[in-house]
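Number of protein chains: 4
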Amino acid sequence: MSSTTLVALLSGPDQPGLVAKVSGYIYQHGGNIIHADQHRDPEENIFFQRIEWDPMKTPAGEAAKEFTEFARSLGMSARVADSSHRPRVAIMVSRFAHCFHDLILRWKAGELPAEIVAVVSNHPDLEAESRHYGLPFYHLPIDPAQKEASEDHQLEALRPHRPELVVMARYMQILSSSFLDKVGCPVINIHHSFLPAFAGGKPYHQAYRRGVKLIGATAHYATPVLDDGPIIQQDVVRVTHRHHIKELIRKGRQLEQAVLAQAVLWQLQNRILVYGNKTVVFD
Amino acid sequence: MSSTTLVALLSGPDQPGLVAKVSGYIYQHGGNIIHADQHRDPEENIFFQRIEWDPMKTPAGEAAKEFTEFARSLGMSARVADSSHRPRVAIMVSRFAHCFHDLILRWKAGELPAEIVAVVSNHPDLEAESRHYGLPFYHLPIDPAQKEASEDHQLEALRPHRPELVVMARYMQILSSSFLDKVGCPVINIHHSFLPAFAGGKPYHQAYRRGVKLIGATAHYATPVLDDGPIIQQDVVRVTHRHHIKELIRKGRQLEQAVLAQAVLWQLQNRILVYGNKTVVFD
Amino acid sequence: MSSTTLVALLSGPDQPGLVAKVSGYIYQHGGNIIHADQHRDPEENIFFQRIEWDPMKTPAGEAAKEFTEFARSLGMSARVADSSHRPRVAIMVSRFAHCFHDLILRWKAGELPAEIVAVVSNHPDLEAESRHYGLPFYHLPIDPAQKEASEDHQLEALRPHRPELVVMARYMQILSSSFLDKVGCPVINIHHSFLPAFAGGKPYHQAYRRGVKLIGATAHYATPVLDDGPIIQQDVVRVTHRHHIKELIRKGRQLEQAVLAQAVLWQLQNRILVYGNKTVVFD
Amino acid sequence: MSSTTLVALLSGPDQPGLVAKVSGYIYQHGGNIIHADQHRDPEENIFFQRIEWDPMKTPAGEAAKEFTEFARSLGMSARVADSSHRPRVAIMVSRFAHCFHDLILRWKAGELPAEIVAVVSNHPDLEAESRHYGLPFYHLPIDPAQKEASEDHQLEALRPHRPELVVMARYMQILSSSFLDKVGCPVINIHHSFLPAFAGGKPYHQAYRRGVKLIGATAHYATPVLDDGPIIQQDVVRVTHRHHIKELIRKGRQLEQAVLAQAVLWQLQNRILVYGNKTVVFD
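Residue numbers (numbering that gives the first Met the number 0), protein chains in the order written: chain P, 0 to 282; chain G, 0 to 282; chain S, 0 to 282; chain B, 0 to 282.
FYI, nobody ran anything at the bench for these hints, they're computed from the structure. Each hint should be verified, as a subset may be incorrect.
Since the list gives no way to pick one copy over another, a pair counts as held whenever it fits inside one copy or between any two copies.
[Stated by the list, open to error] Simulated crosslink set (DSSO-like; lysine-lysine; CA at most 27 angstroms straight-line):
(1) K107 <-> K245
(2) K64 <-> K146
(3) K64 <-> K20
(4) K64 <-> K250
(5) K277 <-> K146
(6) K277 <-> K245
(7) K56 <-> K146
(8) K56 <-> K107
(9) K277 <-> K56
Computed from a predicted model, the values in this text were never measured in an experiment.
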């Protein structure tokens, strides 16, 4: 086996023989399938597939390009990634540092197949920590009166780092539709509630007032509608009447870290397909 | 130790010395405390306590009455139950039978310290099963045009059974404010979502459309506002894109059973205090 | 789509092109793949696949037979099931009735694609309940001095029902190696601990004495070595110092039901491949 | 309310009136009880209590001393802590850094009411990170041929820091009985399995070979018998046949962090009483 594998995420209208055609193509081109998983949405009649194979030849880039064209000939859209490529990731963060540290430490421990390339914040708090981790840090405050201009400064800071993923690691500002259009890559956000419950501000306070017995966290793709993007991962933890808001926040931190890290890992491993407002996660 | 214990649920404005006064009272009257648990809401300044003791004298009923008066003298309201008393429980159910069977089988296995006394349904489906379990069954359809009259028939059927708890075991009608006033005992409902997400009808369909990664169930006290009563217990189970609505429903059944049974058990064990729209559960 | 699908479980030495060959075979024979999932054990170099397809022709039985031969030609062993076939299931139970009721009620609710055909017990307790469910009941006590003869009586009772699965629903006897050889179908057991912790007798008592903070249940295939067969499913529930053995047993009942029912459902859906002492579960 | 509270952990032979006597004592001395929780082991006839109160007078130290004497007069042993006291914690670690970072970051985020005072390691790897966190680091290799001498060097390094808790944050050596005697404070260890399953070395490898469907982590007090001390906290995470040892290790890291941090927090909040080989955790 060569050291590089290809991972394709395909989707398109279902039709008989897709599994056979895709696997047959890879086999005939000398490739060796390592993993394959598929799904059909019976209502929308869409076929989804994640397939990972060793192309057994170099350069892998060429095999990827040919495969994309082949998928198009089947009426499918495909995104093919080379396993030796480590996507460039930018982190946006405000003041709460737990997701920031957690992602970077996982990365340094070899858990995330990526390169974290930059940290952008609307507060200066994490500058020294970012530099300690060897990461460029951009303190770019948001002026509510000139939000678009503020966001343009963020985009300018990000641009030279060519991010392939932006992670909002408890970044407490809403990214505008215009930012999301211009940034040119997926943006993953962590919301500290079990969506769709408690969207919007201060979800732990909302949860406390409602008297729920579990609190949650939700990782989702950022879209222009607040806390409404396609959900990638969710989890919950039990609370009781003894837990005041401060304890909900403490318990939530661990939950947020775990849920966000899982979503980011799946994104980096090319396991997520979005359709409509939902996700298929080939876990 | 005598075979009967007393359980008191107290609540009222917090003041210094409450724990000492309550436990001192019991000790001075010859009682032996078996369990005690308390809680203070720091914002509302309310003190809550559950205390279980062996009064070491008969009749226990007298000790209970005297304790209630003592609690009142401290400015507290108290509800005292005798452990040898098995509350009378009525079940309301529509067509889905899983919670109905589960509660009755737990009761027959000795898990619920209660007497299930009657089954009321707006459908005839579970008549034979109810009779097999030795329970009177009342088929009382709801005429939407005459809802109050229909509910009055239900109340008449329940009255001779003197229920101390009504359990809506997937009873698919909304109980009116008038019914809840007249029934004269707590009513526990199971809603098949993680409230406050997906209140109202067809929550599994709502969850499927939103693409959540966990589905939930919530047991709560019924109040005139739909799916908005004080939450007693909640739990969730993981789902993926592979689970269509039918599988959500199947996975949800087990969740609903477990969450409802836990809430009913806590109610029967006098572990729940309601305040505002929240609960304190002394687990 | 015709109403019948086929599900094949394949396993054998890994080799390039297996996915392509299998899916190509189905496509060329006019079949339409509905689901496919595969796995490779990198150490043992074994390939496992579960593939479900609509053969688009009748009789399905012939398509199944041809496919099995095709798989053999690839060096794979295959088990092909027709989705319209509902396997015949026998239940073995002692006195604890919760798993017995749970399985039968799930079956009656349409959750289990099977026919429960008989109940065998070493105690007479569940005879009336079995008959209420419309199931033949065999009370066959085990004489420890003549275990083989006792088991032979059980096998004689089971034989005319031709079981394709035997479920030990808290059957408190150990089945001998000879019984397992002769019964001619898989046997699934539920053990009330998180195996390999607390194998053997009275696991809740063992767990209580050790002071664990979670108790578990394990569904596994019965093998001649007690509590050592391939594990299908496990789950746990939290306990505290407040839970005495009686509460562990109560909490465990629900856990046992859920874990056993999940294992049985996977077995009935042909989702489990055993190799060595482990399972691959295509969930 | 004054800023300081006292927390007492009491245990001793059960007798009537203990709750009344303890709460009465505090009330009569002008104290105000904030939390109280108790437990009785019905077999051993031991009474356990955790009680937190505002002594309403200074110095708190005197109130603590008087209370300890009062408890002794009831035949109880008591440990009284002053909430303004932040226990001194030493970390022992080998090469795996995740628990080390997690504990320190929680501490820096204000989650742990403690002072981390030193890091001791048998490897030099975490020296720079320790210094970045502002912590003295002692690289003290273990010479297996002279284990006692090696441990004595560790004890000498720890002594000037007067630790009140030692946390083995994936410290991969066994501490001898002699070390545990001499260190003079509790030692908490994290074992990467659901004990008592998979005690000893390489538990993820053991779990993988056994084919379990959940992996676990256990925080316990270190005792001379390996992986056998009183269990404080446990948790598990689901795995499937798809997860190879490398993924078990990755999933386990997060679990280990969470379980260890919870156990340490409970210890720092004086919530744990040990008796025999079990714990009472007043959560």
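Check your understanding: Should K64 paired with K146 be assigned to within, between, both, or neither, using CA atoms and 27 angstroms as the limit?
Key -> neither (39 angstroms within a copy, 60 angstroms between copies)
Practice item. Tell me, please, which holds for K56 and K107 at an alpha-carbon limit of 27 angstroms: within, between, both or neither? Key: Result: close neither inside a copy nor across copies, 31 angstroms intra and 50 angstroms inter.
Practice item. At 27 angstroms max between alpha carbons, let me know whether K277 reaches K56 within a copy, between copies, both or neither. Key: neither (36 angstroms within a copy, 35 angstroms between copies)
Exercise for review: Could you place K277 and K146 in one of the four classes (within, between, both, neither) given a Cα distance threshold of 27 angstroms?
Suggested key: neither (29 angstroms within a copy, 40 angstroms between copies)
Exercise for review: If the cutoff is 27 angstroms on CA atoms, where do K64 and K250 land: within, between, both or neither? Let me know, please.
Suggested key: Neither: 46 angstroms inside a copy, 34 angstroms across copies.
Review point. How would you classify K277 and K245 at a CA-CA limit of 27 angstroms: within, between, both, or neither?
Key: Between copies, since 18 angstroms is at most 27 angstroms while 32 angstroms is not.
Review point. With identical chains treated as interchangeable, where does the CA-CA distance between K64 and K20 reach 27 angstroms or less: within a copy, between copies, both, or neither?
Key: So K64 and K20 pass the 27 angstroms test inside a copy (17 angstroms) and across (24 angstroms) alike.
Exercise for review: Could you place K107 and K245 in one of the four classes (within, between, both, neither) given a Cα distance threshold of 27 angstroms?
Suggested key: So K107 and K245 pass the 27 angstroms test across copies only (16 angstroms; inside, 30 angstroms).
Review point. Using 27 angstroms as the alpha-carbon threshold, which applies to K56 and K146: within, between, both, or neither?
Key: neither (49 angstroms within a copy, 53 angstroms between copies)
Figure legend: structure checked against the earlier numbered hints; hints not met, in rising order: 2, 4, 5, 7, 8, 9.
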